[in-house]
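Protein chains: 2
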Amino acid sequence: MRKTLMAAALTSALSTGVAAAADTPLGLVIHGGAGTIERANLSPEQEQAYHDGLRLALEQGYAILQAGGSSLDAAIKAVTILEDNPLFNAGKGAVYTWDERHELDASIMDGATLNAGAVAGVSTVKNPILLAHKVMTESVHVMLSGAGAEHFAAEKGLEQVDNSYFNTEFRYEALKRMKAAEGAVPHQAAVVRDPNWQMGTVGAVAIDSQGNLAAATSTGGMTGKRYGRIGDAPIIGAGNYADNSSCAVSATGHGEYFIRYQVASDICARVKYQGVSAKAAADTVIQDVLLPVGGTGGVIVVDAKGELSWSFNTPGMYRGKIGSNQPALTAIFADD
Amino acid sequence: MRKTLMAAALTSALSTGVAAAADTPLGLVIHGGAGTIERANLSPEQEQAYHDGLRLALEQGYAILQAGGSSLDAAIKAVTILEDNPLFNAGKGAVYTWDERHELDASIMDGATLNAGAVAGVSTVKNPILLAHKVMTESVHVMLSGAGAEHFAAEKGLEQVDNSYFNTEFRYEALKRMKAAEGAVPHQAAVVRDPNWQMGTVGAVAIDSQGNLAAATSTGGMTGKRYGRIGDAPIIGAGNYADNSSCAVSATGHGEYFIRYQVASDICARVKYQGVSAKAAADTVIQDVLLPVGGTGGVIVVDAKGELSWSFNTPGMYRGKIGSNQPALTAIFADD
Numbered sequence: 001m002r003k004t005l006m007a008a009a010l011t012s013a014l015s016t017g018v019a020a021a022a023d024t025p026l027g028l029v030i031h032g033g034a035g036t037i038e039r040a041n042l043s044p045e046q047e048q049a050y051h052d053g054l055r056l057a058l059e060q061g062y063a064i065l066q067a068g069g070s071s072l073d074a075a076i077k078a079v080t081i082l083e084d085n086p087l088f089n090a091g092k093g094a095v096y097t098w099d100e101r102h103e104l105d106a107s108i109m110d111g112a113t114l115n116a117g118a119v120a121g122v123s124t125v126k127n128p129i130l131l132a133h134k135v136m137t138e139s140v141h142v143m144l145s146g147a148g149a150e151h152f153a154a155e156k157g158l159e160q161v162d163n164s165y166f167n168t169e170f171r172y173e174a175l176k177r178m179k180a181a182e183g184a185v186p187h188q189a190a191v192v193r194d195p196n197w198q199m200g201t202v203g204a205v206a207i208d209s210q211g212n213l214a215a216a217t218s219t220g221g222m223t224g225k226r227y228g229r230i231g232d233a234p235i236i237g238a239g240n241y242a243d244n245s246s247c248a249v250s251a252t253g254h255g256e257y258f259i260r261y262q263v264a265s266d267i268c269a270r271v272k273y274q275g276v277s278a279k280a281a282a283d284t285v286i287q288d289v290l291l292p293v294g295g296t297g298g299v300i301v302v303d304a305k306g307e308l309s310w311s312f313n314t315p316g317m318y319r320g321k322i323g324s325n326q327p328a329l330t331a332i333f334a335d336d
Numbered sequence: 001m002r003k004t005l006m007a008a009a010l011t012s013a014l015s016t017g018v019a020a021a022a023d024t025p026l027g028l029v030i031h032g033g034a035g036t037i038e039r040a041n042l043s044p045e046q047e048q049a050y051h052d053g054l055r056l057a058l059e060q061g062y063a064i065l066q067a068g069g070s071s072l073d074a075a076i077k078a079v080t081i082l083e084d085n086p087l088f089n090a091g092k093g094a095v096y097t098w099d100e101r102h103e104l105d106a107s108i109m110d111g112a113t114l115n116a117g118a119v120a121g122v123s124t125v126k127n128p129i130l131l132a133h134k135v136m137t138e139s140v141h142v143m144l145s146g147a148g149a150e151h152f153a154a155e156k157g158l159e160q161v162d163n164s165y166f167n168t169e170f171r172y173e174a175l176k177r178m179k180a181a182e183g184a185v186p187h188q189a190a191v192v193r194d195p196n197w198q199m200g201t202v203g204a205v206a207i208d209s210q211g212n213l214a215a216a217t218s219t220g221g222m223t224g225k226r227y228g229r230i231g232d233a234p235i236i237g238a239g240n241y242a243d244n245s246s247c248a249v250s251a252t253g254h255g256e257y258f259i260r261y262q263v264a265s266d267i268c269a270r271v272k273y274q275g276v277s278a279k280a281a282a283d284t285v286i287q288d289v290l291l292p293v294g295g296t297g298g299v300i301v302v303d304a305k306g307e308l309s310w311s312f313n314t315p316g317m318y319r320g321k322i323g324s325n326q327p328a329l330t331a332i333f334a335d336d
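If you read the sequences in order, they're chains E and D. Numbering-wise (my numbering), the first sequence opens with residue 1 and increments by one. Numbering-wise (my numbering), the second sequence opens with residue 1 and increments by one.
This is chain E alone, in the form it adopts within the complex (with noise of 0.2 Å):
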């Protein structure tokens, strides 16, 4: 069945006159966080419960990459089943703000146009990767925040809840804690937190079988966040950049330092002009630029060959991967 998609992927493209890449492998990569995941915290029921949320969102996705179908469409449906499992701080499940709502945060980017979208901010669409690929391709702007990005949802008809529907009482417990452990202070802009309060995001980045590369984020930020703080998973350089003719990033950790040090272009621009692989690439910016200034967290990357990859410098990343050359793996912690 692969082989016969394939062949008629060809001749789809071949009549368009896009040049069709038939020998590119098909890969898709997903994260669902990077952060102090360790085996000691987590039950054997907890970690096949992460597992298996993980392969569901590798499983759905590439089944749309053998079908013929785009990088762009994998990743978001990858995306978008992690966001409606409630163990992953984006969509359901989301963390709480410090005045107990949420509020979400997401991108979206093609690699062969470089087209992207991406929205802050919202707290009554259902799933925020999917209102990302609406600014992207049905407005000509490319990131919307707040009430104004959820009257453009309404227009498209996107699905909307209310904001309860986030709501996860494990999630409300990390509010209540993180409460308990800054005192009777609240949250100021000046205190420098726990930086696994500010972890937690979930991502794609996929190959199609025209060789063209996409990358998703979704978050639901940090854990009592106040001041309208925006993180990176929105902006496009920070948390997702994807360009064919480098590579596609998806990125998770502390989110002030994956803005100031340009995490996801910087990984692509060093592909594209240092001529180093994008593994390496992003190792280098990973562990040699972010890790040395308390940059933590970490990236999940596929390049232009069909590579797939990712890095990290925390002791765990939700992560998994599959490809035309290599089965569906997941993994939690470093060591796995």
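A couple of the hints might just be wrong.
From the derived model, a few chain D residues whose C-beta atoms are all more than 10 Å from chain E [what the hints assert, rightly or not]: (1) 42; (2) 51; (3) 59; (4) 67; (5) 87; (6) 115; (7) 123; (8) 305.
Derived lysine-lysine pairs resembling DSS-like cross-links, with alpha carbons at most 30 Å apart [as the list claims (entries may be wrong)]: (9) D/176 - E/156; (10) D/272 - E/305; (11) D/272 - E/272; (12) E/176 - D/156; (13) D/126 - D/156; (14) D/176 - D/126; (15) E/179 - D/156; (16) D/279 - E/272; (17) D/305 - D/279; (18) E/92 - E/176; (19) D/179 - E/156; (20) E/156 - E/179; (21) D/126 - D/179; (22) E/279 - D/126; (23) D/176 - E/272.
Coverage of chain E stretches by chain D, computed from C-beta distances (three or more under 8 Å per stretch; other residues unrestricted) [as the list claims (entries may be wrong)]: (24) 59 to 69; (25) 217 to 230.
What the hints contain is simulated information worked out from the structure, not anything from laboratory work. Positions of the beta carbon are idealized from the N, C-alpha and C atoms, including for glycine.
We have chain E already, so just place chain D on it with the hints.
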């Protein structure tokens, strides 16, 4: 006087163990927006008013550098003066949103530390660049937005004004013309508009006696904007980047392209990884990358050696520069 102050700065630098670059020329470059700026549309009096506004910002910013002050303080001073000048689309004189209000964005970056601060969608802070600076220096965050950013501004005691402070008659007329041009159909996110409605930003880049670079950018955004649209001005890497190891850039133009093409950080990446000059990198990105895809606008740049330059692909850009080796120069049209 200059020599005495340089000597004082040198002594101070040596006493604190900072390596002073005593032979680095001081420099400041500013812009007040790029677009279809043509002689036929400006009276001699208007031309003079723009030159005067640019010169005031240059001189007051440069005085800080001459007194041994930092590139950050010089850039902030220049941008504050442009924000206060109603001729430019930032602070007082900001364009109107579709709802006949003003929503302001700004960002700042310190090339010595890669610290950065940005605000999006603020409506009651008199000088948004001062708020971006507070975000950089007095919060652990990089980017704050909307009401949350204003709450932070109030906590920090920044001057706040009623939104009507930003009103100007000529910007209101521009909104009415824009609405009339769009006919009975209100602005929709899918409507491609005259690029000139999307431009207008102010910015400054500087190098100080320590050889430190800084970039600052501020804007009222695009005339008639809706949907909480965020442009490139507050996006670190798009409208603003500064890194002592390469260059400092402030951009102005059709923001969506500047985000997708990572204009500011791509110029710095080319300097860093390709070894080209900042001027050459800026020309490549503005003329060879952006222009062919319709991305209109420009940038101002200063590199680590103190070379001051700009590049733009529009008929004009309000701009000026001054440095140790060059007297103040202000210009408007491409052939100035």
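Now the hints, each set against the structure:
no., hint, result
1, 42, "holds (28 Å)"
2, 51, "holds (33 Å)"
3, 59, "holds (31 Å)"
4, 67, "holds (29 Å)"
5, 87, "holds (26 Å)"
6, 115, "violated (7 Å)"
7, 123, "holds (12 Å)"
8, 305, "holds (20 Å)"
9, D/176 - E/156, "holds (27 Å)"
10, D/272 - E/305, "holds (25 Å)"
11, D/272 - E/272, "holds (12 Å)"
12, E/176 - D/156, "holds (27 Å)"
13, D/126 - D/156, "holds (13 Å)"
14, D/176 - D/126, "holds (24 Å)"
15, E/179 - D/156, "holds (22 Å)"
16, D/279 - E/272, "holds (20 Å)"
17, D/305 - D/279, "holds (12 Å)"
18, E/92 - E/176, "holds (19 Å)"
19, D/179 - E/156, "holds (22 Å)"
20, E/156 - E/179, "violated (37 Å)"
21, D/126 - D/179, "holds (27 Å)"
22, E/279 - D/126, "violated (46 Å)"
23, D/176 - E/272, "violated (45 Å)"
24, 59 to 69, "violated (count 0)"
25, 217 to 230, "holds (count 5)"
Violated hints for the displayed structure, listed by number in ascending order: 6, 20, 22, 23, 24.
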